[in-house]
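J.: Line by line, the protein sequences are chains W and A. Note that this note's numbering has the first sequence beginning at 17, numbered continuously upward. Note that this note's numbering has the second sequence beginning at 8, numbered continuously upward.
Any given hint could be a false lead.
Derived, one-sided and incomplete: chain A residues facing chain W with beta-carbon distance under 7 Å [as the list claims (entries may be wrong)]:
hint: 1; residue: Arg221
hint: 2; residue: Gly257
hint: 3; residue: Ser260
hint: 4; residue: Val263
hint: 5; residue: Ala265
hint: 6; residue: Ala270
hint: 7; residue: Ala273
hint: 8; residue: Ala276
hint: 9; residue: Ile278
hint: 10; residue: Asn279
hint: 11; residue: Gly281
hint: 12; residue: Arg288
hint: 13; residue: Val291
hint: 14; residue: Ile295
hint: 15; residue: Gly302
Derived from the structure by calculation, the hints contain no laboratory data. Computed from a predicted structure; not experimentally measured. The beta-carbon is built from N, C-alpha and C at its ideal position, and this holds for glycine as well.
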Amino acid sequence: MRLTTARVLRALLCVASVGGALAAQIPVQVGFQLDGTGTRVRGVSTNLATGTVVGGRGSATLGPMRLSLFYREGRLHDGATQPLMVEGGATADVQLAPWVAVGLEPEARAYKLDSTTLRRVWLAGRISVAAPLIGTSVRTDLRLWRSVVTSAAGADLTQVAGGEVGIAYRAPAGWWIRLATTFDDAAFAGPRHERFYGLSLGAGLGR
Amino acid sequence: MKRRCGVVALVLAVATPPLHGQQALQLLARGVEAYQHLNLDQAVSLLRASLAPTGGAGLLAGDQVRALTYLGAAELFRTHTDSARAAFRRVVALDPEYRPDQTVFPPQVTELFALVRRASPAVAVRIAPVTRFTARAESLHVNLVGSDTATRARVRVEREDGMLVRELFDGVVGDSVTVGWDGQSTGGTPVAAGRYRLTVTTIGSTTSGDRVARVPLIVERQAQAATAPAAPATPPDSLLLPERSAGGSGWPSLAVGAGGALAAAALPAAINPGSDDGHRRFVVSVAIGTTGLLGFLWQRRGHALPDNIRANAALRQQWARRAGARSAAMSGDVTLTVRAGSASAP
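If we strip away everything but chain A, and leave its shape as in the complex, we get (with noise of 0.2 Å):
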């Protein structure tokens, strides 16, 4: 019987691919039993031996924070201080938003903590696997979470060869914050279907320097059927005043120029009857009476009216322009579904 399950548990052990991590996990649990157990040296070895497999043998993210915290712990009560803010380090990285919890570790560590916090800022980058929405109208949401209230960084989204197409957010994360992306380029126009990244730069000190994580987008662009008519682009005949004069009556033109042209011929007889002398008057008296004549002509015939034409030329380019906006608008109408994919490691 002995042997028969002994034959079982090999051919599982052959015929299963092990759990996820398993073996990591273990020497996870036993590396935090050593550091319970003050054996911090051997707490040290295997906590180091659990972080190193990578990929499908390594410990998920959260796994991951607990044996660096119980690593960094462990380096500093063994006076390893450097070693321990490295560990520190690579946890705030890992989750900024993370601590040490206050009733399993002692002060001393959970100070040290802060301080590699506080000198170390990362940002958090949540962002839904896919947001669909319609460009200028909605926004792809980004929520950051900053490792401590001071963390500053900056946003943008660029194109695959790090052109960039938007900046998104440049300050103090806070806490967190929800940065929005209404799928525009700072052209103003919706992006183009493509591959993008999310790119976000924590702000770091002088000695840490900026962290830069990478968030691959990938854009598809479904445009929408224009619901609306198309405006039209010249204004309707009620808005405009008329550019020429109806015919109308030229008789008092006819009149003011008669009148004018008799004034200026009998001018020294009104004023002193028997002192015309000379004739150079009628030069005036002439140019009036024509002039009436001319203008008695023009308004029967309508004339153009040039403020009318100045205020209908202005009224159509207004209409024009704001035709091409609502064009615009309406041709940018397009919705865009963002799949986001993992963050690179900062």
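The shape of chain W in the complex, shown without the other chains (with noise of 0.2 Å):
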């Protein structure tokens, strides 16, 4: 866990310095998110694998542009096994209109198992809406992905699909925080799946 914990500050330090930098160069907006997730993943080893990841995701705007990066890092546990999950990517979004949102999201997933380690990569497509529900402070956002191109080692990964359900409170200070539900699967060659679920609770500053 500690090992867990220097990683992602580590990244979110090196977020931040980027970030920072940027900034003062020209003018983006920055945020910073911290999150934890209740994680779900079947698919992986012979049982339900569970546990909690962490991470933090980096984002600068510009315009309509937006880039992030995100890490996230935790221990999960099937009852047999302890793999060790590692996410990380980055997502440049389009800002259309005020709701809605498309991009691209390179993204990462590895499983460290005991005696290897899955690694899934993948470029998606993706597409956001966001809907105020009481005033501007609270929100509700829809996030759907696919992929474009996959890669697995040792595996014949056809496709990733996924999405996310969230609600927002966003305060007057700048300041956040967030709930939101993730589902994505990613369908092998065959029957095959492996299928997370994550429950997540974040909170942040800025854009």
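Hey, can you piece these two chains together into the complex? The hints should help.
T.: In structure tokens, the structure reads:
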């Protein structure tokens, strides 16, 4: 767990320093987020693996463009093994309207088991929609993505599709909290699937 | 007959007061005559005697200047240069504008006078005996005349006890300068009725030192009735933004909440039918649905608009400030009557 925390902090520091330097050069709006996700993964090992992964996200918004880097990591438990889940990626979105954005998301996810590491890499296209619930401070959002390119070492990963639904409260002071549920399904050749379920609670600053 | 005339002359001499400085004037005339006949010692004695009387028996200012100029010239030719300078310094103090007539006095005299004038700067203060003006809008004018183009002076209005009321001028007077006083103190309010003084300090050289002339001022104050209606302290409603939204349709919130709740609940099944596993996502589903319902109710009953409330508060403050300033300006419309006395000798 100490290793996990150190990595997350290192990644966040990296994002913060890059974001800060960028913000000083060009008129970008930056945002940072920390979150914890209660995770359930089925298909990696024989049993359902559960655990908590923690991570962070750094974002930079320049006009309608929004770039994010994210990283999360956590130890799962399936009763027999304790796979370490590590995930990282980037997103690039274009805000088409105040309520809809489209983008690309290269992402890598790895499950480190005792004897082997399962790596999945994909590039997904994504669409995000958001709408206010109460005024402009409480909003709900929905994201859907589907892979266009996939790669998995030693396995024939054919497609990854997923989605996320969340609700967020943004305070006038600029901080916000968000509760979300995530699901994605990695389909391999044949009947094999890896399914990721997450319930995450995060807090952030900025955009 | 001779006896009768003598009696009349004696009666007249006793019964009628002497004319203003008549004897001093006679002494002055005799002194000037002695100077012109180069009886310098006699001229000095006569001229000093003409200057000795004070008050009603003394010379008027113009005659004093004339007597002192002849006295200075006589002393100069007696090679009593210090005495000549002293006489000329008194001339400069009495009348900073005065210059000896070059057709009457030789260059030695006019040159020494010029030297003394430069070394002993003085400022003459001219002010109308009575001035009536509206405080702030108009001014009391004080004309300063310098003895030399480089003469510097500082002009202040002070209370009788010397406390500063307002500094009006500090700089080079040049040939002359007119200084205005709008009747206000340093704090920006019209002064109260009472006795004040105008203090004109001529900045002298290190040897001559500063000269201070004081003009007593008596200020009378009359308040003017307000001619315009008082400004309202609050803005009209037409300028204010609504601070609470009208109860409107909350259906969009309800629809979004229902849609979000449904999306969260059906997410796994929508991505991949048959992949439902666990119910924790319903936490999000319920949260979104409940919030949508709250949003529906919140919008139906109307709600406070913080941005508008802040904007209105700023507008109200602005109006209150303006009304206060206008009210202060109107209450400050007072007419001052300033009676100026004669300047004390510097």
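J.: Look at each hint and say if it fits the structure.
T.: Results of checking the hints against the structure:
1. Look at arginine 221 of chain A: its Cβ only gets to about 63 Å from chain W, farther than 7 Å, so that hint breaks.
2. Hint status for glycine 257 of chain A relative to chain W: violated, with the closest Cβ pair at about 10 Å, above 7 Å.
3. Annotation: interface hint on serine 260 of chain A holds; nearest CB of chain W at approximately 5 Å, less than 7 Å.
4. Using the Cβ-Cβ criterion of 7 Å, the hint placing valine 263 of chain A at the interface with chain W is satisfied: the shortest such distance is roughly 4 Å.
5. A cut of 7 Å between beta carbons decides the hint on alanine 265 of chain A: the least distance to chain W is about 10 Å, and the hint is violated.
6. A distance limit of 7 Å between C-beta atoms decides the matter here; for alanine 270 of chain A the minimum to chain W is near 5 Å, and the interface restraint holds.
7. Using the Cβ-Cβ criterion of 7 Å, the hint placing alanine 273 of chain A at the interface with chain W is not satisfied: the shortest such distance is roughly 9 Å.
8. Using the Cβ-Cβ criterion of 7 Å, the hint placing alanine 276 of chain A at the interface with chain W is not satisfied: the shortest such distance is roughly 9 Å.
9. Given the 7 Å rule on beta carbons, the hint for isoleucine 278 of chain A holds: about 5 Å separates it from the nearest Cβ of chain W.
10. The beta carbon of asparagine 279 of chain A is positioned within 7 Å of a beta carbon in chain W (closest approach about 4 Å), and the interface hint is therefore held.
11. A cut of 7 Å between beta carbons decides the hint on glycine 281 of chain A: the least distance to chain W is about 10 Å, and the hint is violated.
12. For arginine 288 of chain A, the shortest C-beta to C-beta distance to chain W is roughly 4 Å, which falls under 7 Å, so the interface hint holds.
13. For valine 291 of chain A, the interface hint holds, since its Cβ comes within 7 Å of a Cβ in chain W; the closest pair sits about 4 Å apart.
14. Interface restraint check for isoleucine 295 of chain A: the shortest CB-CB distance to chain W comes to about 5 Å, inside 7 Å, so the restraint holds.
15. A distance limit of 7 Å between C-beta atoms decides the matter here; for glycine 302 of chain A the minimum to chain W is near 4 Å, and the interface restraint holds.
Violated hints, listed in ascending order, are 1, 2, 5, 7, 8, 11; each of the other numbered hints is respected by the structure.
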